[in-house]
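Chemist: Chain by chain, the residues run as shown.
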Amino acid sequence: MTGITILNPKVSQPVTPITGATRIADLKGAVIGFVDNSKQNADHFIERVGALLRENYGIGANVTVRKRAPKDELAAGDLAELVKCAAVIQCYGD
Amino acid sequence: MADGVKLEAHGIPTATICSTAFAGAARVQAAGRGFAALPIVEIPHPMHTASRDLVEGRAADAAQSIARALIEGAAARGALGEDILEERIEIDADPVALQEFFFTHGWTDGLPVTAPTVESVAAMLAASGRDAQETIGPVPPRMRVATIEKLAINAVMAGCKPAYFPVVLAALEAVLDDNIRLYGIQTATNTSSALLIVNGPIVKALGLNARGNVFGQGNRANATIGRALQLILRNVGGDLPGETDMATHGHAGKYTFCIAENEDESPWEPLHVERGFKVGDSTVTAIGGSGPQNVFTYGCETGAEILDHFVGALTGLGHNNIIFPTGPLFVLSPEHAQTLARDGYDKQKIKQHFFEKARIPLTRFAERSVVGLHHRRSRWFEIAGDPNHIGVADRVNDINIVVAGGAGIHSQFVPTSFSYEPVTRLIRTKAGGTK
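Just so you know, the protein sequences line up as chains A and B, in that order. Following this note's numbering, the numbering of the first sequence begins with 65 at its first residue and continues without gaps. Following this note's numbering, the numbering of the second sequence begins with 1488 at its first residue and continues without gaps.
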């Protein structure tokens, strides 16, 4: 067998891990943020989830931001509102 | 998903809702951004076409899991398995065995590739004048950073000559500009791929094709420069069909999508000069584009008649420039360009004509679509002051026109998407100038 040396075109580098947020201990009274990424029906989904979380878990106020397009990054103003929330639910990949 | 990782990094617990068709891809992308334990709550697919009752039923089914995700989080689930090999591989030089190795380890786009030997990669690197360990990135969707050497390896595999490599590097720099929105192009269900348009003296110097079959087969420079970029996006960015590339159909531009402007036969100033560069600069312009739609102006004799046909293509339902504010691209054949110029049109007048005439009555859309258009294209409604129609661009100068192709009464409408605007980069050659 005649051999050659070839070089690997792929990149497999370790990613700097992010430490996830401390989970919320209790949803009761918590201000929950929702991200509507403008996919069809995300608004209806959020409305129903919000109502159920209020009914079953006693969450506090909702904050909902709506992205212009699903793949857009969160606008700075929207991010500033969301980081004031106790937790955020994002809807949705579809 | 990306928003979820960002919010978690800000100390906000999240739950990301994903339909079953896309949850796997979301996990891979989250791991690429450093948070494999992003809590993802799966719901049935599809949601887009579900009735309101079904949507609300699925919301009810998911509510408990969402609460649990916020309170308990999720265990890290590893990214879909990746084949990790050594950087230098000793291998049987038999051509058949080599190609089977490349296919087995997912190095190719589905076509055979040139073996990236140490010597061929060194030659490719030498043509760039760049440091082999200089890095470019991160490249979405797995957000990896590549050395110039890694990029040279992929350029060799694509079949590039070393002289093409500076164009490949400029192309990558262009598509990584935030205005291109490469992450969206690479991961969406939509049919989009980064189109490259080359201008300037380098077109002739490298033998790029700007004439007949400009989108088609036969030219090594067009084919391999475009392919090198796509191999980089695959092997460096990690964009793999079914894992992160979720295109419903994709298109041939995901193999290669590179043209040159036919500056010799254009009656107008070329794209790169419109975009602020000197005529003697060599540049590459990138934009997210779908497959070209042919516009055949059978029987048309005047510029006005030709434009009527173009407007007809733009006012069909379903193309991306109705939903995306990107601004359509028209690739005019030299014959069309010369007829239009004869009849008093230049690029600006054509753009103005498209802006004014290519408008679709909102009565042609379903009510939910109109609601979506008011949201996605809000800038059009603010600027155009036309509440009853949707245009194909928010502003006149969002429309782009280039002249390319050979003989014939055909031009190409390239629906564009994701990109906020095209991005143009100078091609830096080894000598430090732009060829």
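Derived from the structure by calculation, the hints contain no laboratory data. A portion of the hints provided could be inaccurate.
[What the hints assert, rightly or not] Listed next, the in silico DMTMM-like pairs over lysine to aspartate or glutamate satisfying Cα-Cα at most 20 Å (straight line):
(1) A:K103 with B:E1854
(2) B:K1493 with A:E145
(3) B:K1691 with B:E1621
(4) A:K135 with B:D1665
(5) B:K1917 with B:D1768
(6) A:K135 with A:D107
(7) A:K135 with B:E1908
(8) A:K103 with B:D1751
(9) A:K92 with A:E111
(10) B:K1765 with B:E1788
(11) B:K1648 with B:E1606
(12) B:K1493 with A:D100
(13) B:K1844 with B:D1830
(14) B:K1691 with B:D1618
(15) B:K1836 with B:D1795
(16) B:K1493 with A:D142
(17) A:K148 with A:D90
(18) B:K1844 with B:D1768
(19) A:K103 with B:E1529
(20) A:K103 with B:E1559
(21) A:K92 with A:D136
(22) A:K135 with B:E1730
(23) B:K1844 with B:E1869
(24) A:K135 with B:D1881
(25) A:K135 with A:D100
(26) B:K1648 with B:E1636
(27) B:K1844 with B:D1873
(28) B:K1836 with B:E1854
(29) A:K92 with B:E1559
(30) B:K1493 with A:E137
(31) B:K1917 with B:E1660
(32) B:K1493 with B:E1559
(33) B:K1493 with A:D136
(34) B:K1691 with B:E1606
(35) A:K135 with B:D1581
(36) A:K135 with B:E1529
(37) B:K1648 with B:D1618
(38) B:K1836 with B:E1792
Chemist: All hints, please: hold or fail.
Modeler: Going through the hints against the structure:
1. A:K103 with B:E1854: It holds: about 15 Å lies between the C-alpha atoms, which stays within 20 Å.
2. B:K1493 with A:E145: With Cα atoms ~14 Å apart, K1493 of chain B and E145 of chain A stay inside 20 Å; holds.
3. B:K1691 with B:E1621: Not satisfied, since the Cα-Cα distance of roughly 29 Å exceeds 20 Å.
4. A:K135 with B:D1665: holds (12 Å)
5. B:K1917 with B:D1768: Since the Cα atoms of K1917 of chain B and D1768 of chain B sit roughly 15 Å apart, the hinted pair holds (cutoff 20 Å).
6. A:K135 with A:D107: holds (17 Å)
7. A:K135 with B:E1908: Judged against 20 Å, a Cα distance of about 15 Å means the pair holds.
8. A:K103 with B:D1751: violated (45 Å)
9. A:K92 with A:E111: This hinted pair holds, its Cα atoms lying about 18 Å apart.
10. B:K1765 with B:E1788: violated (34 Å)
11. B:K1648 with B:E1606: holds (13 Å)
12. B:K1493 with A:D100: holds (16 Å)
13. B:K1844 with B:D1830: holds (18 Å)
14. B:K1691 with B:D1618: violated (27 Å)
15. B:K1836 with B:D1795: holds (14 Å)
16. B:K1493 with A:D142: With a Cα-Cα distance of about 13 Å, the restraint between K1493 of chain B and D142 of chain A holds, given a limit of 20 Å.
17. A:K148 with A:D90: holds (16 Å)
18. B:K1844 with B:D1768: violated (34 Å)
19. A:K103 with B:E1529: holds (16 Å)
20. A:K103 with B:E1559: The hint is violated at about 27 Å.
21. A:K92 with A:D136: violated (31 Å)
22. A:K135 with B:E1730: holds (17 Å)
23. B:K1844 with B:E1869: holds (17 Å)
24. A:K135 with B:D1881: holds (19 Å)
25. A:K135 with A:D100: holds (12 Å)
26. B:K1648 with B:E1636: holds (15 Å)
27. B:K1844 with B:D1873: holds (12 Å)
28. B:K1836 with B:E1854: violated (33 Å)
29. A:K92 with B:E1559: Roughly 15 Å separates the two Cα atoms, so the pair holds.
30. B:K1493 with A:E137: holds (10 Å)
31. B:K1917 with B:E1660: Roughly 16 Å between the alpha carbons, so the hint for K1917 of chain B and E1660 of chain B holds.
32. B:K1493 with B:E1559: holds (19 Å)
33. B:K1493 with A:D136: With Cα atoms ~13 Å apart, K1493 of chain B and D136 of chain A stay inside 20 Å; holds.
34. B:K1691 with B:E1606: violated (27 Å)
35. A:K135 with B:D1581: It is violated: about 44 Å lies between the C-alpha atoms, which goes past 20 Å.
36. A:K135 with B:E1529: Distance of about 19 Å is within 20 Å: holds.
37. B:K1648 with B:D1618: holds (18 Å)
38. B:K1836 with B:E1792: holds (15 Å)
Figure legend: structure checked against the earlier numbered hints; hints not met, in rising order: 3, 8, 10, 14, 18, 20, 21, 28, 34 and 35.
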